[in-house]
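Construct the entire structure; sequences and hints are all you get.
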Amino acid sequence: MSPMTILDALLRRMADTASLMLDSAERDAVCGDLTESGESGSQVLREVLGLVVRRRAACLRGWRPWLTLASLTIPLSLLVSLVSRRTADGTAVYLWLYVNNWDWTLIHNQGFWRELAQCAPGVLFSYLALGCWSWTTGLLVGCFARRILWFSGAVFFVVVLAVGVFGIPRFFGHILVLQRARDFSGNSAVFLEVFYRQLFPQCVQLLLVVLPAWRGMLQGTRMDRFPRTAHVFLLIAAVAAVGTLVSTNLLWWQIRVWDIWPRRQPRLPSMEPLAIAGPAAYLLISFVWRVRRLATQS
Amino acid sequence: MLGEFEYLLIAAAVRLGEEAYGAAIRREIEEATRRRCSIGALYTTLDRLETKGLVKTWMGEATAQRGGRAKRMVRVTGKGVQAATSFYRAVTRVSRDVSWDIQ
Numbered sequence: 001m002s003p004m005t006i007l008d009a010l011l012r013r014m015a016d017t018a019s020l021m022l023d024s025a026e027r028d029a030v031c032g033d034l035t036e037s038g039e040s041g042s043q044v045l046r047e048v049l050g051l052v053v054r055r056r057a058a059c060l061r062g063w064r065p066w067l068t069l070a071s072l073t074i075p076l077s078l079l080v081s082l083v084s085r086r087t088a089d090g091t092a093v094y095l096w097l098y099v100n101n102w103d104w105t106l107i108h109n110q111g112f113w114r115e116l117a118q119c120a121p122g123v124l125f126s127y128l129a130l131g132c133w134s135w136t137t138g139l140l141v142g143c144f145a146r147r148i149l150w151f152s153g154a155v156f157f158v159v160v161l162a163v164g165v166f167g168i169p170r171f172f173g174h175i176l177v178l179q180r181a182r183d184f185s186g187n188s189a190v191f192l193e194v195f196y197r198q199l200f201p202q203c204v205q206l207l208l209v210v211l212p213a214w215r216g217m218l219q220g221t222r223m224d225r226f227p228r229t230a231h232v233f234l235l236i237a238a239v240a241a242v243g244t245l246v247s248t249n250l251l252w253w254q255i256r257v258w259d260i261w262p263r264r265q266p267r268l269p270s271m272e273p274l275a276i277a278g279p280a281a282y283l284l285i286s287f288v289w290r291v292r293r294l295a296t297q298s
Numbered sequence: 001m002l003g004e005f006e007y008l009l010i011a012a013a014v015r016l017g018e019e020a021y022g023a024a025i026r027r028e029i030e031e032a033t034r035r036r037c038s039i040g041a042l043y044t045t046l047d048r049l050e051t052k053g054l055v056k057t058w059m060g061e062a063t064a065q066r067g068g069r070a071k072r073m074v075r076v077t078g079k080g081v082q083a084a085t086s087f088y089r090a091v092t093r094v095s096r097d098v099s100w101d102i103q
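So the sequences go chain by chain: W and A.
First residue of the first sequence: 1, per my numbering; consecutive thereafter.
First residue of the second sequence: 1, per my numbering; consecutive thereafter.
If you're looking for bench data, these hints aren't it; they were derived computationally from the structure.
Cβ atoms here follow ideal geometry from the backbone N, Cα and C, with glycine treated the same way.
Don't take every hint at face value.
As the list claims (entries may be wrong) - On the chain A side, residues computed to face chain W include the following (Cβ under 7 Å): (1) Ile39; (2) Gly40; (3) Thr44; (4) Thr45; (5) Thr51; (6) Ala64; (7) Arg66; (8) Gly67; (9) Arg69; (10) Arg72.
What the hints assert, rightly or not - Far from chain A, some chain W residues (derived; all Cβ distances over 12 Å): (11) Gly32; (12) Glu47; (13) Phe112; (14) Val123; (15) Tyr127.
Claimed, not checked - Just some of the chain W residues that point at chain A, by a computed CB distance under 10 Å: (16) Arg27; (17) Val30; (18) Asp33; (19) Val48; (20) Val53; (21) Arg54; (22) Ala58; (23) Met271.
Laid out in structure tokens, this is it:
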């Protein structure tokens, strides 16, 4: 087999894969037309990609996709990135304390265990809350931007990546909580380490933002399989969870949660425990739906 | 008013009659214009014409020549014939007394 034949077969295989992005009827018609016309592999790939691009671009016509992007995808990705940055920095301090200053004699120290028992639940809950928020934002993006998920998903992850790498303009500091553990001089020893300064936040972002959000997006596109009442219940839970994501990022809310200033105003509760509302509702609905389906089948 | 490519597509479909489907229409257009016709342009224009009610499309039979894939068959509706006729008349009228040889 000559190299040209191998290349041609490879390009045809790529065109076949690209054609999966088309509707099944259209894929049949287009692939059939290209087979009939006997075009080369490169031409087939170009034609298929051209149609895929046109179809995808057609979904962006009108104001609805842009409204979804501006009102849902970008703000949520921004908020979840901010929480990811704060969570990574906050937990990096504990990690540095325990890992970088490890001493085997500590395991015989009662104070060590008491301190660990006090901080570990908080750290674990902050990871859980971040994962739940990411999944919930993904679910909402997948549900409301189903037809342009490829685009919304890309924008979501680009914003997350951009905030992770470049940060966020200081201007937002008037309304959002931008302070992180690294902004306090007492923690400077932790963030002198490249791992905690650069790598650890990216790992947290990948594991607790990108992966759960991607999963949520895919599950959001398949929400129609649930009955309408379950659908509405899940959306209410997701909106409640996102409400807590907003509150945890709002500067004035957090000032009242921490009861810093002004003293005369009432203290507000931390809404973080409600972060699990979205995934919990989804698990409940999936369970009930499966049980009902099994019952009807038998 | 139809666009130029929309007119070409309708005219090719009318010429082909019962045999009008994606690949055949594409061949007709390429032969007539002596230019490449992309699948993307063809299928998105077909969708647009169908939305306007100027053509009707449906999935036809699969043939071995096409690797067992079905054809997207096309039929021009009465409204499509009307639209193509008025486009052709407009082009004819606007070209009256114009001699392209002198340019």
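Evaluated hints:
no.	hint	result
1	Ile39	4 Å, holds
2	Gly40	4 Å, holds
3	Thr44	5 Å, holds
4	Thr45	10 Å, violated
5	Thr51	11 Å, violated
6	Ala64	10 Å, violated
7	Arg66	4 Å, holds
8	Gly67	4 Å, holds
9	Arg69	3 Å, holds
10	Arg72	4 Å, holds
11	Gly32	3 Å, violated
12	Glu47	4 Å, violated
13	Phe112	66 Å, holds
14	Val123	52 Å, holds
15	Tyr127	45 Å, holds
16	Arg27	8 Å, holds
17	Val30	6 Å, holds
18	Asp33	4 Å, holds
19	Val48	7 Å, holds
20	Val53	7 Å, holds
21	Arg54	4 Å, holds
22	Ala58	7 Å, holds
23	Met271	46 Å, violated
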